[in-house]
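Asker: Going line by line, the protein sequences match chains D and R.
Heads up: the first sequence begins at 947 in this note's numbering, then just goes up one per residue.
Heads up: the second sequence begins at 82 in this note's numbering, then just goes up one per residue.
Read the hints as simulated data drawn from the structure, not as lab findings.
These numbers were taken from a predicted model, which means no experiment stands behind them.
For every residue, glycine included, the Cβ atom is placed at its ideal position computed from N, Cα and C.
Any given hint could turn out to be false.
[To be verified] To give a feel for the contact side, a few chain R residues facing chain D, derived at Cβ under 7 Å:
hint	residue
1	Thr-168
2	Val-202
3	Ser-220
4	Ser-221
5	Gln-224
6	Ser-342
7	Val-344
8	Ile-374
[As the list claims (entries may be wrong)] Think about it this way: if two alpha-carbon atoms lie no more than 27 Å apart in a straight line, the pair counts; the simulated DSS-like pairs of lysine-lysine are:
hint	chain 1	residue 1	chain 2	residue 2
9	D	Lys-1082	D	Lys-1035
10	R	Lys-242	R	Lys-346
11	R	Lys-292	D	Lys-1216
12	D	Lys-969	D	Lys-983
13	R	Lys-292	D	Lys-1214
14	D	Lys-1247	R	Lys-311
15	D	Lys-1247	D	Lys-1214
16	D	Lys-1156	D	Lys-959
17	D	Lys-1117	D	Lys-969
18	D	Lys-1214	D	Lys-1117
19	D	Lys-1246	R	Lys-242
20	R	Lys-242	D	Lys-1014
21	R	Lys-311	D	Lys-1214
22	R	Lys-389	D	Lys-1115
23	D	Lys-1246	R	Lys-341
24	D	Lys-1214	D	Lys-1156
25	D	Lys-1115	R	Lys-341
26	R	Lys-311	D	Lys-1216
27	R	Lys-242	D	Lys-1117
28	D	Lys-1117	R	Lys-291
29	D	Lys-1035	D	Lys-961
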Amino acid sequence: MIIGIPRALLYHKYKHLWKSFFKELGIDYILSPDTNKEILRKGSAYSIDESCLSSKIYLGHVEWLLDKCDYILIPRFSDYSRNGTVCPKFLAIYDVVANIFRDRSINLLSYSINPKVTHVEMAAFLKLGKILNKKKSQSLYAYLNAKQVEKKAHLLEITEQERLLQENKLKILVLAHRYNIFDKYIGEPILNILREQETVPIIGDIAPQKEAIANYAQISETLPWVCNRELVGSIPIYKDRVDGIILMSAFPCGPDSLVNEILIRRIKDKPILNLMIDGQEGKAGMETRLESFIDIIRFKKDEQNGRN
Amino acid sequence: MSKGYLGIDIGSISTKGVIIDENNNIKASEYLWTEGDPLKAVKRLLSTLKLQLADSQIRIVTVGTTGSARKLIGAMTGASVVKNEITAHAIGAMSIHPEVRTIIEIGGQDSKIILIENGIVIDYAMNTLCAAGTGSFLSSQAQRLHINIEDFGRIALQSTKATPIAARCTVFAESDLVHKAQIGHKKEDIVAGLCKAVVANYLNNVGKGKKIISPVVFQGGVSKNIGVVKAFEELLGMPVAVDPNSHLTGALGVALLAKKSRVEKDFFFDITDIEFKTVGYDCKKCSNNCEIICIYREDQIIDAWGNKCENGAVH
Chain D
947 MIIGIPRALL
957 YHKYKHLWKS
967 FFKELGIDYI
977 LSPDTNKEIL
987 RKGSAYSIDE
997 SCLSSKIYLG
1007 HVEWLLDKCD
1017 YILIPRFSDY
1027 SRNGTVCPKF
1037 LAIYDVVANI
1047 FRDRSINLLS
1057 YSINPKVTHV
1067 EMAAFLKLGK
1077 ILNKKKSQSL
1087 YAYLNAKQVE
1097 KKAHLLEITE
1107 QERLLQENKL
1117 KILVLAHRYN
1127 IFDKYIGEPI
1137 LNILREQETV
1147 PIIGDIAPQK
1157 EAIANYAQIS
1167 ETLPWVCNRE
1177 LVGSIPIYKD
1187 RVDGIILMSA
1197 FPCGPDSLVN
1207 EILIRRIKDK
1217 PILNLMIDGQ
1227 EGKAGMETRL
1237 ESFIDIIRFK
1247 KDEQNGRN
Chain R
82 MSKGYLGIDI
92 GSISTKGVII
102 DENNNIKASE
112 YLWTEGDPLK
122 AVKRLLSTLK
132 LQLADSQIRI
142 VTVGTTGSAR
152 KLIGAMTGAS
162 VVKNEITAHA
172 IGAMSIHPEV
182 RTIIEIGGQD
192 SKIILIENGI
202 VIDYAMNTLC
212 AAGTGSFLSS
222 QAQRLHINIE
232 DFGRIALQST
242 KATPIAARCT
252 VFAESDLVHK
262 AQIGHKKEDI
272 VAGLCKAVVA
282 NYLNNVGKGK
292 KIISPVVFQG
302 GVSKNIGVVK
312 AFEELLGMPV
322 AVDPNSHLTG
332 ALGVALLAKK
342 SRVEKDFFFD
352 ITDIEFKTVG
362 YDCKKCSNNC
372 EIICIYREDQ
382 IIDAWGNKCE
392 NGAVH
């Protein structure tokens, strides 16, 4: 049995957990490749116009996996109870995929995060193991092991980011969902432009999760979405150590459009750039926006240094 | 022989060039249509500038480019500075109006607002996913109404009662305009309404949430439209300055930046006799199918771009 994992949306958050869990259970999996033009094109063709760029990309990845595996992993997330809710696409995407590809003999593998159970995630993974015909003890061991791997990977990211924060270059905090900023087609080009401009991008989503959740209320107490709470919570952690902030969202993200407005209004002591990605060809416009933003920061810094 | 510094601003609609001397005085300048062929437009531009310089003893020591074709023309002219248009416009505007706090810029396909404090750009915004209310919108509407775009502003000023036109979106504005014309609104009222629509659109989109502080400078091609200038002054309730060289600000700014860079290498006008061409092809090395653009100077490749990964790099 082979499980297909679309390299999009929650993959970027849970890749270590998923991969280690299946590996420990001795189950083969394949990943769809990095997002490319063809995946985006196909994904857009299967999507309704109104859905966000990230979801369109997701459908492209699912399409790539069809006929290449026995099951496609698509979890359902509705909310994290008191920790907040998620964008409805994470709840809907399972049904969206099941219906769009219903005549392509697609088998979906899913786990649901149900906030009413304690150890929510563990319970979900034990259930997943059961579907895969694994003993409870096996699944439990695999889950706990995968959790360790995930934790280690996150700690490594945090340490690496701390190292980057020491660099003697302009540092730009990039606030973007993992599935956008770590996507090779829509996110990576932005990081590359920033690096070409001799700046160091600092990824907001890498911030220690607990610390971020404890901090978000400093900026807004009423954010319903857990993903945005984590992103917003990274601002107090990094703000004093960066020179500017970029808010990158995929068109037309609902939660981001609201949260970005709040951030632009409330954060007054750092230059902010609001960057909307819609998968348009040609990176000239993106370059202009990023380059001039960095110019602003550089000119400001030069002036301050001149005064001192 | 004295030194000269050349700045070229190649926009989607028009191409601008300025040559300044060591005291930042404009010694030659030209404004012409890009006509979809930036390489050719720049050659025409350089020929005119060369003629204007004919009697003076100026030697061009450095070139700067800006505008949407800045990279292409930068490769062609061997520019020492290739800068984005926001920075170029800000630098240019500040050299003419050192006190400026707000720059309104409306060009052929984009519009921007640049906020300045103590001579430094502190914030800017650009139209993002929509080109409503830019120069190309106005010129296509002028065509529809059978008037010259050059007369647009003058006709608008004849109106005593501007026709309200939906300003939210170019497509809606266009259908609204047709409807208003069909039910008998006067041409000058419609033209004045269009000017107002452009301004309302700008303030609601690009200018949204930005604090517009006087002195305000208006530049870019649309600033030549007196109807739009008047509409801005009415809606903002403050004077809006338009410099006679407002269409050249970007080119002036990048000439100043090129001068400031202190990178000097002689530039010769004879590149107008050299054949430059671009060849585009689809890289098939991976599924991104990037469109690679190669720039040739007399059959010799001088630059290439467009690749998203190393596979497509042209050596």
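Asker: Hints first: check each against the structure and report whether it holds.
Answerer: Results of checking the hints against the structure:
no. : hint                    : verdict
1   : Thr-168                 : holds (5 Å)
2   : Val-202                 : holds (5 Å)
3   : Ser-220                 : violated (21 Å)
4   : Ser-221                 : violated (21 Å)
5   : Gln-224                 : violated (26 Å)
6   : Ser-342                 : violated (13 Å)
7   : Val-344                 : violated (17 Å)
8   : Ile-374                 : violated (11 Å)
9   : D/Lys-1082 / D/Lys-1035 : violated (30 Å)
10  : R/Lys-242 / R/Lys-346   : violated (56 Å)
11  : R/Lys-292 / D/Lys-1216  : holds (17 Å)
12  : D/Lys-969 / D/Lys-983   : violated (30 Å)
13  : R/Lys-292 / D/Lys-1214  : holds (13 Å)
14  : D/Lys-1247 / R/Lys-311  : violated (37 Å)
15  : D/Lys-1247 / D/Lys-1214 : holds (16 Å)
16  : D/Lys-1156 / D/Lys-959  : holds (15 Å)
17  : D/Lys-1117 / D/Lys-969  : violated (37 Å)
18  : D/Lys-1214 / D/Lys-1117 : holds (17 Å)
19  : D/Lys-1246 / R/Lys-242  : violated (45 Å)
20  : R/Lys-242 / D/Lys-1014  : violated (67 Å)
21  : R/Lys-311 / D/Lys-1214  : violated (33 Å)
22  : R/Lys-389 / D/Lys-1115  : holds (25 Å)
23  : D/Lys-1246 / R/Lys-341  : holds (17 Å)
24  : D/Lys-1214 / D/Lys-1156 : holds (25 Å)
25  : D/Lys-1115 / R/Lys-341  : holds (22 Å)
26  : R/Lys-311 / D/Lys-1216  : violated (35 Å)
27  : R/Lys-242 / D/Lys-1117  : violated (52 Å)
28  : D/Lys-1117 / R/Lys-291  : holds (25 Å)
29  : D/Lys-1035 / D/Lys-961  : holds (19 Å)
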